[in-house]
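K.L.:
Those protein sequences? They're chains Y and H, same order as listed. If you count the first sequence from 1, position 23 lands on 23 in our numbering, and the numbers rise without skipping. If you count the second sequence from 1, position 214 lands on 214 in our numbering, and the numbers rise without skipping.
Since the hints were made in silico from the structure, they are not lab data. Note that the Cβ used here is the ideal one computed from N, Cα and C, for glycine as well. Mixed in with the good hints, there may be bad ones.
Stated by the list, open to error - Simulated crosslink set (DSS-like; lysine-lysine; CA at most 25 Å straight-line):
| no. | chain 1 | residue 1 | chain 2 | residue 2 |
| --- | --- | --- | --- | --- |
| 1 | H | K193 | H | K215 |
| 2 | H | K306 | Y | K128 |
| 3 | H | K336 | Y | K93 |
| 4 | Y | K128 | H | K340 |
| 5 | Y | K363 | H | K118 |
| 6 | Y | K358 | H | K63 |
| 7 | Y | K363 | H | K64 |
| 8 | H | K139 | Y | K160 |
| 9 | H | K173 | H | K215 |
| 10 | H | K139 | Y | K128 |
| 11 | Y | K153 | H | K336 |
| 12 | Y | K363 | H | K31 |
| 13 | H | K139 | Y | K149 |
| 14 | H | K340 | Y | K93 |
| 15 | Y | K358 | H | K118 |
| 16 | Y | K358 | H | K64 |
| 17 | Y | K254 | Y | K269 |
| 18 | H | K156 | Y | K149 |
| 19 | H | K300 | Y | K128 |
As the list claims (entries may be wrong) - To give a feel for the contact side, a few chain Y residues facing chain H, derived at Cβ under 7 Å:
| no. | residue |
| --- | --- |
| 20 | R127 |
| 21 | N130 |
| 22 | E161 |
| 23 | I320 |
| 24 | D322 |
To be verified - Sample of chain Y residues with no beta-carbon within 10 Å of chain H, all distances over it, derived:
| no. | residue |
| --- | --- |
| 25 | N112 |
| 26 | W121 |
| 27 | L157 |
| 28 | D198 |
| 29 | C236 |
| 30 | V243 |
| 31 | G281 |
| 32 | H291 |
| 33 | E321 |
| 34 | E329 |
| 35 | R388 |
Single-letter residue listing:
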Amino acid sequence: MNLTSKQMSKKITDEYMDDAFHAHEKGKLIGYSTAISPVELFVAHDIIPIYPENHAVANLTAKKGAELCSVVESMGYTNHLCAYARSDLAYRKTGITVTKGIPEPDLFLACNAQCFTLTKWFQVLARKGNLPVFVFDTPEHVMDSNTRKEIVKYCVLQLKELISFLEEVTKRKFDYDRLKEVMKYSAESSILYKKFLDMAQYKPSPISIFDALIGMAIAVYRRGTQECVDYYQTLCDEIQAKVDQGIGVLPKEKEKYRLYWENLPVWFKFSDHAKLLGSYGGVILTSLYVHAWSFEFDLDKDPLVTLAENYVSRFSNSTIEDRADMATELFKKYSMNGMIMFMNRSCKAVSFAVPTLKEILTKRTGIPALVFESDMGDQRFYSETQIRTRIEAYFETLDRLQP
Amino acid sequence: MWDNLTINEVVEYAKDPYPSIRKWIKDKGKKVVGSTFADVPEEVIHAFGFLPVTIMGTNKPLKKAPSHLPDNACSLARSNLELVLSYEGDLFDGFVLPQVCDTTQHLSDIWRINFPDKYVESYLAPRQADRPSARYWVKEEIERIISSLSGWSGKKIVEEDLWEAIKIHNENKTLLKEIYEIKKKNPAALTNKELFALMKLSQQVDKAELNQSLKKIKNSLQSGKNNGYTDVILVGITCDPPEIYDLFDEVRLNIVGDTLLVGTRYIQGIVPTNGNPIDALTERHFRRGFFSPIHDNVYKNFEEVKALYKETQARAVIYVHIEFCESQEYDLPDLKRMIKNEGILMHTLDTEYQTLSLSHVRTRLQAFFESLKGGSL
Ligand code: SF4
Ligand code: SF4
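With these hints in hand, go ahead and build the complete structure from the sequences.
P.N.:
Written out as structure tokens, the structure reads:
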């Protein structure tokens, strides 16, 4: 019997974690990685990638944030650092987790296309075990095309250094043919993943960002594998079936507001937010965040070049103007008519762009924005009534604008 | 204008150098290119005939920056943005802005968007420094900045222009080093505030002129009564507001070593003078000391602090933390532990640009100082 995407996701995740927990018995190493990083090199070299961010998300979604984050303050860390990092450092100290936890690392790969914070966080972890860290430094993808070429060259040089680093740590030769194969899977699954996200353009939309976030996990931790491709194929088929039957997150006549979301979710509130917005006829369709994994690998190029080009140009490493262009595209493509801009205390890497991005987007689209401040994982910075009131007021404004 | 200053005048100018810069550029008809911390090769800007000015915040009230940056942005970033948006923006013809951390990356975007009519270039120094690619990249970046400045100004520079700039900058650093040496042994010769004002102003005004003042000041330094001082070293990125130095001076702490960008890390920027100038400027990047946002290993910081402590035989380490600087905050707990394990006394000062009241800093510093004199903590 064919499995549903949900069943597949569970199976893939269980097997992956099982493999990870028994890595050493199988002669494999565990490499901690940032969610946006050229993990294809790990996969090709048989290193199991583990993402402390994913584990943090599980704990934060289960409302463990405040508890974990208070622990970390007693360890001398300040309360405005990234809640993923804070909850992870606290997990290391207390063992508190809603999952089985994650295996201990053997090495680290920190790619700063996502943020520089992760580098600092991984360095803290690495110091504890005196373990090797490789920093894949991706200069901001500035707008000048000549500079971009130079940046890609620098990144390719570093990927070669990364390969030597992996060879040295594992005492095994790197297999470029295997990398090509991994790239093929990554390229295929990225196309399917993007197709899945883009189904939000249908009216009514068959998916909300909530589905996108759940559907994102496999792209983050299993890209570069056949099973990842199979998963997204199944997922796309399922959503397509919904589209064919006209099934939306909200029924067609109820879907009034097609919303853009900026930043990461407020993990411990996200389903509440979806319900609350839904009661007003609002559905959040997308965000740049979920699109961060829709890579466009060019298999005709040297794998290191296409890896470098893709990883350096993620939204998180792009200029604010480029981010605005990417978001504007999404507004057009998905016919969105509202935007919620979340200023996330935890994530400076994304949030510092928010005020400027909001200005540009409202100017370009003529759509007013709701801006609210909170924290993605630490409930102590969340004010229930204030945010509720703001959301209500925002819909009233949109209602007045609606013809 | 800056070639015949007394030490008191240096302190005054360092507090607010902008009126003098305004007057100077009017007289000289030169362009001003601003940068923020750290590692933008000032020599290159100078070689084009522009005045390189390092922007180091303002004490004036925040008006515009808060609407561009959230309140947990580091106060240095907010203060720098405020300075250009509300107060001195018109003074600058252009900017070369380095990206060292998540904050500065966004800051340069915001800056560029707010100054569409000015020249704004990013300096993308590597945020890893241990592998050959880092060296390759620094050189590329220096060459790129040269060609970018050239495209903007329509000027070309030759090797001699760079060597000339390097000479002036090296002389500035050498003089500061010599003055620092005098101060270490003769704490009464000049106050902490005066020493750091010299190092700050050096990064903001024309060095060819200021070097003249530095020479005179150096020659005029006399040792007074040197007893009653306690030697300490200062660790961090910057130390602001400058009134903090007054507190050190009050309790007679003598700073005999530091790792600040407005201190020793600047002086460490002396460029080797052989080979070709771009290679020499590249080489300099790797000779400088630890800087938490761009170097990848807190052990380096620790080893540096330990070595400095031993070499200077200081009594304690004072660490200056800038509120909301993430780079520092990830390093600090481990650094503290390592320093403590070494048996070294360490005091952390939490600072914020725009701070007017230093009473809490004073109280904590005094308590620390008392315990230092008592010999235990
Ligand atoms: S939430 Fe932001 S700061 Fe934290 S790891 Fe992700 S990108 Fe970095
Ligand atoms: S390194 Fe720290 S102080 Fe400097 S800009 Fe970044 S956050 Fe601010």
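K.L.:
Decide, hint by hint, whether the structure agrees.
P.N.:
Outcome of the hint check:
| no. | hint | result |
| --- | --- | --- |
| 1 | K193/H to K215/H | holds, 18 Å |
| 2 | K306/H to K128/Y | holds, 20 Å |
| 3 | K336/H to K93/Y | holds, 18 Å |
| 4 | K128/Y to K340/H | holds, 17 Å |
| 5 | K363/Y to K118/H | holds, 22 Å |
| 6 | K358/Y to K63/H | holds, 19 Å |
| 7 | K363/Y to K64/H | holds, 19 Å |
| 8 | K139/H to K160/Y | holds, 19 Å |
| 9 | K173/H to K215/H | holds, 12 Å |
| 10 | K139/H to K128/Y | violated, 34 Å |
| 11 | K153/Y to K336/H | violated, 38 Å |
| 12 | K363/Y to K31/H | violated, 34 Å |
| 13 | K139/H to K149/Y | holds, 15 Å |
| 14 | K340/H to K93/Y | holds, 21 Å |
| 15 | K358/Y to K118/H | holds, 23 Å |
| 16 | K358/Y to K64/H | holds, 16 Å |
| 17 | K254/Y to K269/Y | holds, 23 Å |
| 18 | K156/H to K149/Y | holds, 23 Å |
| 19 | K300/H to K128/Y | holds, 16 Å |
| 20 | R127 | holds, 6 Å |
| 21 | N130 | violated, 10 Å |
| 22 | E161 | holds, 5 Å |
| 23 | I320 | holds, 4 Å |
| 24 | D322 | violated, 9 Å |
| 25 | N112 | violated, 6 Å |
| 26 | W121 | violated, 6 Å |
| 27 | L157 | violated, 4 Å |
| 28 | D198 | holds, 27 Å |
| 29 | C236 | holds, 34 Å |
| 30 | V243 | holds, 37 Å |
| 31 | G281 | holds, 30 Å |
| 32 | H291 | holds, 19 Å |
| 33 | E321 | violated, 7 Å |
| 34 | E329 | holds, 19 Å |
| 35 | R388 | holds, 21 Å |
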